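Using the UniProt record's numbering, the first residue of the sequence shown is number 1, and each one after it goes up by one.
Just so you know, these hints were derived from the structure itself, not from any lab.
Computed from a predicted model, the values in this text were never measured in an experiment.
Each residue gets a CB set at the ideal place from its N, CA and C atoms; glycine is no exception.
Some hints here could point you the wrong way.
Claimed, not checked - 30 angstroms max Cα-Cα, derived DSS-like pairs, lysine-lysine:
(1) Lys232 - Lys155
(2) Lys599 - Lys36
(3) Lys232 - Lys135
(4) Lys373 - Lys232
(5) Lys135 - Lys36
(6) Lys232 - Lys217
(7) Lys551 - Lys36
(8) Lys217 - Lys155
(9) Lys551 - Lys564
(10) Lys343 - Lys373
(11) Lys155 - Lys599
(12) Lys135 - Lys702
(13) Lys373 - Lys335
Said to hold, decoys possible - Beta-carbon label-pair distances, calculated as ranges:
(14) Pro80 - Asn317: 27 to 37 angstroms
(15) Ala207 - Glu410: 26 to 36 angstroms
(16) Glu445 - Asp579: 15 to 25 angstroms
(17) Thr560 - Asn167: 52 to 62 angstroms
(18) Asp88 - Pro297: 43 to 53 angstroms
(19) Gly377 - Asn317: 40 to 50 angstroms
(20) Ala122 - Ala29: 14 to 24 angstroms
(21) Val193 - Asn167: 41 to 51 angstroms
(22) Pro644 - Phe83: 46 to 56 angstroms
(23) Thr561 - Ala493: 28 to 38 angstroms
(24) Gln52 - Gly229: 54 to 64 angstroms
(25) Ala493 - Ala447: 57 to 67 angstroms
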Amino acid sequence: GQDGAPGQDGPPGPKGEDGEDAVPWTSAASIAGYVKERVEMFAAGALPAGEQFPLHAAATDTIRTLAGVRSDIVVTWLDPLTFSTAPDAPRFGANNDYTAFFGEGWSAAAGNAPQWNGSGTAGWLWVNHEYVSGKSPTASSAPTGQHLTLARHLKRLGVLANDVEANVWAQEDVDTYIRWEKKEVGGSWLRIVQDPATGAWSVDRSARAVRYDATSKTLSRVAGHELSGPGKDDLTGAPLPEGIVAGIMGDCAGGQTPWGTVITAEENVQDYYGDLEANWSGDQKLLTGRGFDPGAPVSPVFEASTSAEFGRISDPNGRQPRDHYGYLTEIDPGKPADEYDGKTAAGTGHKKFGFMGRARWEAATFAVDGDWKLLPGRPIVVYGTDDRRGGRIYKYVTAGSYTVGMTREEIRGLLDEGKLYAAHLAGLDNTTGNTLLATGAAPTEAAPGEGQWIELSVDSAAVAPNAAALGDATRTVGAALRDASWNGLGGFATDHDVWRALFTASNKVGILELNRPEDIEWNPRDPSGTPRVYVAFTNHTGQTALDQGGKLYDPATHATTSPKRADAVGSIFALEEADPANPGASGSFRYFEVWHGAKTQGDFDASCPDNLLLDREGGVWFGTDGNFGVASHADAFYYLDLDPAHREGQPGVAQPSFGKAFRVVALPSDAEATGPSFTPDMGTIFMSVQHPGENAYSTWPKGDGALSSVIAVTFLPE
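Let the hints inform the model, and build the full structure from the sequences given.
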């Protein structure tokens with residue numbers, strides 16, 4: 001028969017669920033371009049309704065990102081870096097920090113800088129390993145935190161056979177643990193590749209990864225500086241060649257050189273073999289009887305402390321002198337760990353910048369042109385930061401100048417001779433560390449502070465900043481340093497004495513104390529049109545060593561006379577050299593605040609800036625280390641809008657965004673957002689998720705215990 005007539009429509013079905021959020025429309029080709037496009041739309045009042053930008057403040061145990069980007073884990077603490085799982089095979093170290101990416105195909109021989117050259121989908125990654133969190137095992141106590149994780153790992157490998165969770169450890173087992181703990185700090189060099197189908201990054205375990213650590217298997221030459229004595233093989237005790245030291249440690253942030261090496265900054269090295277400058281309390285009070293008292297030449301203790309983390313090993317061969325650490329260290333990545341500078345060829349291998357002295361170094365940056373190359377016809381200029389309460393900013397200027405066509409050997413050789421300067425931010429209020437004494441307000445671009453570079457040398461003819469306060473208005477820095485009683489501190493007979501104890505030497509001549517300067521970046525393509533140096537000041541809530549005039553507070557009355565600074569949230573400052581085209585010749589600079597932290601939880605709020613990152617166009621980005629504790633939301637990674645076109649009153653601006661921080665990625669638990677670096681095409685940002693769960697609950701990233709990891713945050717174009 002024929003088909004019947006169609007039936008009537010049935011009743012409407014239930015309402016369907018909402019679909020997934022759409023990826024916002026974009027014409028961008030990189031993550032930097034994508035974020036800036038959103039900022040442009042925000043400033044114009046044209047963001048699509050419902051789009052979450054910036055990312056909201058919250059505290060979760062996950063990675064959160066903007067719609068339109070993805071995140072994935074590249075490598076995690078204790079992961080094998082090859083296909084071998086043998087105990088001695090290279091593994092990814094603890095508490096990853098600074099990263100630097102070298103795109104495949106980049107070549108120093110071509111005369112290009114590694115920044116923005118080479119592949120954006122495959123390359124080599126340098127990663128710092130700073131420390132191990134928690135408490136290490138002792139004869140009468142079990143390890144906690146990451147130390148317990150490491151002890152369990154060593155038990156699984158058969159390195160330890162004892163009950164690692166017991167409160168009683170044999171000294172032999174403690175010694176074994178310390179020897180292996182030394183392998184957890186330093187740095188990793190590994191090849192990584194991106195999956196073209198998914199955009200995810202992973203380790204190429206067939207490539208030759210290299211681990212650099214705190215053992216004597218990693219060697220470097222200390223350049224331009226005399227050591228107190230030789231280093232030694234930490235197993236046999238055999239002396240190392242003159243000027244060669246064993247290991248790197250406390251590696252915090254760093255810098256990528258224009259010629260293709262890595263600067264890794266040794267920061268809190270006092271924890272490992274003892275503090276050479278043990279004459280300062282945590283509140284910057286002078287402690288007497290520690291080798292720096294007035295009336296005599298300074299005489300610090302160089303021998304390793306037997307109560308320090310590595311110094312407590314019972315085998316004296318495992319102890320190294322204190323002054324072998326605390327340097328900006330240049331790693332020639334990919335070279336064997338024991339290839340110190342000059343071992344096989346001049347200009348090849350690893351060296352510590354002894355000519356810049358010892359400090360709790362956070363980071364370093366180089367003055368470069370708009371192509372990230374050294375300034376032709378100018379000396380090489382290196383800036384570095386001492387990350388401690390009252391720490392300073394330093395500038396090193398080579399004696400010779402760079403010329404186009406120099407070999408890497410010639411460039412690296414230039415660094416061994418030059419002059420060291422400290423930044424004196426004259427006019428800054430000593431009681432706050434972030435406002436001007438004359439106005440009581442933060443310095444601004446319109447009303448900046450004026451600073452000077454003070455040469456730190458026993459031959460320096462510069463007038464000491466505290467000369468007037470101490471009654472001798474013409475006293476030079478050199479004379480002040482040599483004077484055995486000037487400013488209540490002992491005398492520095494040579495520049496080597498100065499370089500060994502930069503914090504004390506800076507205090508002696510009255511350099512104004514700062515609010516923990518962390519990362520520092522020279523920006524050759526600044527949005528202002530003028531090259532600037534950006535510095536992250538993370539916070540300072542302690543007392544100061546010096547008064548406004550640079551005079552040391554009497555230790556007997558320090559507790560009641562020294563001001564307690566109240567900067568819990570930090571800030572970012574810009575420094576502009578008097579001659580930005582020739583920063584090595586600039587004796588002065590302007591300085592002003594470009595961003596200030598907050599304790600609140602708004603969309604644009606952040607606190608405690610730590611690491612800085614520049615994009616190819618000169619955009620400024622930063623990560624935080626303190627949001628979680630100060631403002632109860634996760635540490636995160638931000639884009640700081642410094643485009644003058646987004647100021648109030650500019651054409652097309654409906655919502656001024658100049659000076660605002662836009663949250664792009666938020667981290668889990670109490671993890672620190674650190675170590676960001678771009679691929680050359682800016683399609684991916686790598687960053688370190690450091691110490692998740694250190695002081696709060698976390699099971700990130702695998703659900704069975706918190707582990708530091710490097711993540712990749714990748715743009716997903718349509």
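Here's how the hints hold up against the structure:
For the hint linking Lys232 to Lys155, the alpha-carbon distance of about 28 angstroms falls within 30 angstroms, and the restraint holds. For the given pair, Lys599 sits about 25 angstroms from Lys36 by alpha-carbon distance, which is consistent with the 30 angstroms threshold. At most 30 angstroms may separate the alpha-carbon atoms for a hinted pair to count; Lys232 and Lys135 meet this at roughly 27 angstroms. With a C-alpha separation of about 38 angstroms, the suggested pairing of Lys373 with Lys232 is violated against the 30 angstroms cut-off.
With a CA separation close to 43 angstroms, the supplied pair Lys135 and Lys36 exceeds the 30 angstroms bound. The straight-line distance between the Cα atoms of Lys232 and Lys217 is roughly 11 angstroms, inside the 30 angstroms bound, and the hint therefore holds. A C-alpha spacing of about 46 angstroms is found between Lys551 and Lys36, which places the hinted pair above 30 angstroms, so the restraint is violated. Between Lys217 and Lys155 the CA atoms are separated by roughly 23 angstroms; this keeps the pair inside 30 angstroms, and the hint holds.
Restraint check for Lys551 and Lys564: satisfied, since their Cα atoms lie roughly 16 angstroms apart, inside the 30 angstroms limit. Taking the CA atoms of Lys343 and Lys373, the gap is near 27 angstroms; set against the 30 angstroms cutoff, the hint holds. Straight-line distance between C-alpha atoms of Lys155 and Lys599 comes to about 43 angstroms, which puts the hinted pair past the 30 angstroms bound. With a CA separation close to 23 angstroms, the supplied pair Lys135 and Lys702 stays within the 30 angstroms bound.
A hinted pair counts as satisfied when its Cα atoms are at most 30 angstroms apart, and Lys373 with Lys335 qualifies at roughly 23 angstroms. The hinted range of 27 to 37 angstroms is satisfied by Pro80 and Asn317, whose Cβ atoms lie roughly 29 angstroms apart. Distance hint check: the CB atoms of Ala207 and Glu410 are about 30 angstroms apart, consistent with the given range 26 to 36 angstroms. Checked against the hint of 15 to 25 angstroms, the C-beta distance between Glu445 and Asp579 comes to roughly 18 angstroms, which is consistent with it.
Range check, Thr560 to Asn167: Cβ separation about 41 angstroms, and the 52 to 62 angstroms hint is violated. Here the CB-CB span from Asp88 to Pro297 is close to 45 angstroms, well matched to the stated 43 to 53 angstroms. Roughly 49 angstroms separates the CB atoms of Gly377 and Asn317, a value that falls within the hinted 40 to 50 angstroms. As the Cβ distance of Ala122 to Ala29 is approximately 18 angstroms, the hint placing it in 14 to 24 angstroms holds.
Separated by about 45 angstroms at the C-beta atoms, Val193 and Asn167 satisfy the suggested range of 41 to 51 angstroms. For the pair Pro644 and Phe83, the beta carbons lie near 52 angstroms from each other, so the given range of 46 to 56 angstroms is met. For Thr561 and Ala493, the hinted distance range of 28 to 38 angstroms is satisfied, since their beta carbons lie about 31 angstroms from each other. One distance hint, 54 to 64 angstroms for the beta-carbon pair Gln52 and Gly229, holds here, with the actual separation near 58 angstroms.
Range check, Ala493 to Ala447: about 42 angstroms between beta-carbon atoms, so the 57 to 67 angstroms window is missed.
Checked against the numbered hints given earlier, the structure breaks hints 4, 5, 7, 11, 17, 25 and satisfies all the rest.
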